[in-house]
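A.B. asks: Okay, here's what each chain looks like letter by letter:
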Amino acid sequence: MIEQRPDPDALLAKVQREEAKKRRGKLKIFFGASAGVGKTYAMLSEAHEKRAEGCDVVVGVAETHGRAETVPLLEGLEVLPPRIIEYRGTQIREFDLDAAIRRHPTLILVDELAHTNAQGSRHPKRWNDVDELLDSGIDVYTTLNVQHLESLNDIVGGITQIRVWETIPDTVFERADEVELVDLPPDDLLERLREGKVYLPQQAERAIRSFFRKGNLIALRELALRRTAERVDAQMRDYREDQAIRDVWRAGERVLVCIGPTPLAEPLIRAGKRLASSLHADWIVAYIETPQLQRLAPAARDEVLGYLRLAEELGADTVTLSAPEMSAAILEYAREKNVSKIVFGKPTRTGWRRWLLGSVVDVVVREAHDFDVYLLACDKEPAASNAAELSLLTRSRAYLGLRGANGAAAKKRYPGYLWSVAITALITSASAFAVGYLELVNLVMLYLLGVMFVAMRFGRGPSVVSTVLSVAAFDYFFVPPRFSFAVSDVQYLVTFAVMLAVGLIVGTLTVNLRSQAKISGHRERRAAVLYAFTRELGATQTEGDIAHVAVKHIGEEFEGQSVVLLPDFQGRIRHPGSQSVQYSFHGADLGVAQWVFDHGKVAGKGTDTLPGTEGVYFPMKGAAGPIGVLALLPVNLRRVFLPEQQRLIDTFINQIVQAIERVRLAREAQVAKVKAETESLRNSLLSAISHDFRTPLASIVGASSSLIDGGTHLSEDAKLDLGKTIYEEARRMTRLANNLLDMARLEAGSVKLNRQWCPIEEIVGGVLTRLQSRLTAHPVTVKSPPGLPLVHVDAVMLEQVLENLLENAVKYTPNGTPIEIGAEAGAEEVSFWVADSGPGLPAGKEDMLFEKFYRGATEGAQSGVGLGLTICRAIVEAHGGTIRAENRPEGGAVFRFAIPMTEEPPQIAPEEEQLANVQ
Amino acid sequence: MTKANPVIVVIEDDPQIRRFLRTGLQAHEFEIHEAETGKLGLILAATRKPDLIILDLGLPDVDGVEVIKKLREWTSRPVIILSARNMETDKVAALDAGADDYLTKPFGLDELLARIRVALRHASRPELVDGGNVFKAGNLKVDLGQRRVYRDGEEVHLTPIEYRLLTTLIKHAGKVLTHRQLLTEVWGPSYVENSHYLRIYMGCLRHKLEADPARPKLLLTEAGTGYRLVTDVSP
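One line per chain: the protein sequences are A and B, in this order. Counting in numbering that gives the first Met the number 0, the first sequence runs from 0 upward without gaps. Counting in numbering that gives the first Met the number 0, the second sequence runs from 0 upward without gaps.
Extracted from the complex, chain A is given alone in its bound form (with noise of 0.2 Å):
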């Protein structure tokens, strides 16, 4: 034997289950055999022990039903009152949840797990209001009846034949830290009642009669017991696996179960259940939908959907496959899951029809070899569970937010049976005339022509109705004796019998084909929208666009209106400021929205928290939390509960999350650099600083300081000297702190540009202008075309960008050099350039200067921080520029840079008009 090894997704699981639970409040379910046992008692008596040792106990609901033994331990209990709702005229007191959650006790109990909520409660069951309580942190005690576990739900019914509805999926049951099973022998029970301590005088006389008969109590009984041992056992095994006890070790066994869409399929997944808690065993729910399935009518389909969530109450995971043929996908899927064993109905094919056409069992049956393969037996209709299939089927419905199964699509196909009468008649008659000239073979030929038309057109029905047909009609019109339905030549019966065969297989193949290619052209197109979805979303920059992307898309694929919400700063789901589009969903409701957003579920329409909501909440998970909400009012609930559209709706999901995430950790890098940068920064202005400023402040006291205290000892030409170099010293750091005022500005994004057309002749004059006493010791060149067009910019910045590269210019090259400005235009840009006939710039370090704090040579007697050429930069990159640096072949540097030009430069009118307006 092989030694098996604890299974690390068990494990994990295991870890994953205890950590949820440090979080999560504890359960505990008083468990009962039936009504009147005590469940209530014993809890509220727990509760007063509780409360002695100091915990802080509240009750939510006791139902004591007026038992005089039960009432008087209320006393002394702080009881959360009632929420009342009005419904239909009558006022309903149910469990104020929200009120819980609120006042927020160590422990709190909640009576009658099974309860369900009047309509408008935010979840349609307690069990889930109790969920809720327990996430939240809450410890909760809670009471529960064997009948209400929906795994026993059926046997119960077949035991006392009265049939609950209420019941409480058993993953609850199973997941419940703790159950104490409060147990009475019936002899006992009976005598409480009789006694009237359960029910009042007439009510248990009632009672006795029809539920509590003492046969009925003993089952009860059994069951509970049992159910608390299958659990106890469940305990006892977790505890092993726990230790890694190796010898009892087992594979971890996983059940597979097989549905088809027919009633059958309850019992089934009940029976399905048993034997997986049997086992200790993870169960699987598949539903395999095949071609010929896919064109059940909806109500049928709507049923499945029913089967599969009642599979998920009962605990298990749920799937539906498609492929063309079930068992090849049973095995593959039976493979890839790692299942034990696949159990199955009975097949419904029997005798020389499944030996024809073979089943799905025999099939599976042959080719598993490494499974067990279970057929269970099941009553074919037990007439109690009919009415039961009904109410599941109309649970299922309303549960989908669906009426009735509606005729409409029946009475389409009408038309295709009076098609195929047409086209047969008109093929007889087009053979009446043909009948002299063409063998009665090729009439045949005819008729299975227009067969294969009417499947292709009308489907099954109508193809069969045209076969019958024609063969009839080839009897009566052509065959001899004609206009008689009797056969002169007995050969003929072959040729009607291969007629109808072919005509038959004909029908059926085109069919088949035709609805096959339907699906593949469903599955394209859907291919299609998701291709064009995330090839959109690839596109977009912002959370804004995501969204506007999203809605069209789910609003076009799902024929509804979406919206997406998401969080402010503070976690509070808001609606979306951007514009609305054309299936934007308004008035989507917040408060459920931000329910979804913290509990991380779906809510809303059709689930089990807050159905009388208009829309469906979907939660966003993302890869570090919940990002967002998608709210989506669909115009038809099937639309998004079909599986195969709940897939898709979870693609759409993930891929708007992906989407979502990927622009914020754009940002996030962005932010990350930023501060990277910013920190880099700092150092070296503080280096650059602490240089450039002590420089020239150290020149300004010093000399300061000398003219105070030489007073009247210095001769006037030397206290001139001194107020020179303060002077000029001051000069120096006031173009420091611009530079550095005006980098600032720049980096902090604020300035915005003031463009204006502005002739170039003006902007370059206007900077000599200004830099005229400064460009005294070099002659300056302009060398500017007439002729030059307007340029819209900001033209005081770009004198700022000239005034910096001539300051350079000044302050890099020797006295008496040329300093060139020009200016030219080209196509689609105006450029600038600064030339000297200095030293030049040293090779390969060009782009380096453009960089902050860089200077051609470290710490050398020329001042200034190294901002000029970065606010150089920075203003034509504003202006959606370039700017560069080169040496000139002849010697010296040049700066140049371009400016692109967007707009034709707007015209002036003409002097007499402008007159004309101004006077």
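Take the hints with a grain of salt, since some may be wrong.
Output of the computed footprint for chain B on chain A, the stretches with three or more beta carbons under 8 Å from beta carbons of chain B [what the hints assert, rightly or not]:
#, stretch
1, 753-762
2, 779-792
Below, in silico cross-link-like pairs of lysine-lysine (DSS-like), each with a Cα-Cα straight-line distance of 30 Å or less [stated by the list, open to error]:
#, chain 1, residue 1, chain 2, residue 2
3, A, K810, B, K48
4, A, K723, B, K104
5, A, K600, A, K551
6, B, K216, A, K723
Beta-carbon label-pair distances, calculated as ranges [unchecked claim]:
#, chain 1, residue 1, chain 2, residue 2, range
7, A, S679, B, N4, 49 to 59 Å
8, B, K38, A, A717, 41 to 51 Å
9, A, L696, B, D12, 23 to 33 Å
Everything labelled a hint here was simulated from the structure, so no lab data went into it. Backbone N, C-alpha and C define an ideal beta-carbon position, used for all residues, glycine too.
Chain A is fixed; fit chain B onto it per the hints.
C.D. replies: Then chain B, alone, in the frame of chain A:
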């Protein structure tokens, strides 16, 4: 000197700047009155009958622009603005409110004195434009009575709008005129957004009147603010 020293009211809250202005200006024989706040400044401006007012925009009690507006309600005496704000919008706001000139801190005493002289000269010769007088600056001569313009003694032909622009500048010679002021006065209030009109005509005017239009000496551009016609051009 037949006339008493010109009187200047300085409205400035910083004591160091006040001290520097006081010593600097008194050395050049101006009579100085100082105010720390806008309110006190308005009172001084009313009682001391100053020839010129120097105003800091960043005052502790009222915004400098408000002070200009209040002053302009009753006096046309020149106002020179001192400010540490060097954004063009601030300058334009102050000039539009009626200030004559604008100096950004830090500034040298020579710069301030030059501006003060221009402002005082302009204020003392308002009759220049009236009564068919002749305006002269550098190589430019404008005979306002005969509507004739000469450059280096040769007559220059100007279009009506160019001429109107030039006379507007002459009327306020030495003073900075904002784009808005010039557009309103030459083209009319509906043209204030069309600053390119002004720029194009200013370009034409320079080509006709300046020796080197790329390096104007007469018609100066005040970056982002407006234009100024210089009166004391060194030829």
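A.B. asks: Does each hint hold? Answer for all of them.
C.D. replies: Tested hints:
1. 753-762: holds (count 7)
2. 779-792: Answer holds; 3 residues pass the 8 Å Cβ test.
3. A:K810 x B:K48: Since the Cα atoms of K810 of chain A and K48 of chain B sit roughly 47 Å apart, the hinted pair is violated (cutoff 30 Å).
4. A:K723 x B:K104: holds (18 Å)
5. A:K600 x A:K551: Satisfied, since the Cα-Cα distance of roughly 24 Å is no more than 30 Å.
6. B:K216 x A:K723: holds (27 Å)
7. A:S679 x B:N4: 49 to 59 Å: holds (57 Å)
8. B:K38 x A:A717: 41 to 51 Å: Roughly 44 Å apart at Cβ, these two residues keep to the hinted range, so it holds.
9. A:L696 x B:D12: 23 to 33 Å: Taking Cβ atoms as reference, L696 of chain A and D12 of chain B lie about 25 Å apart, which means the hint holds.
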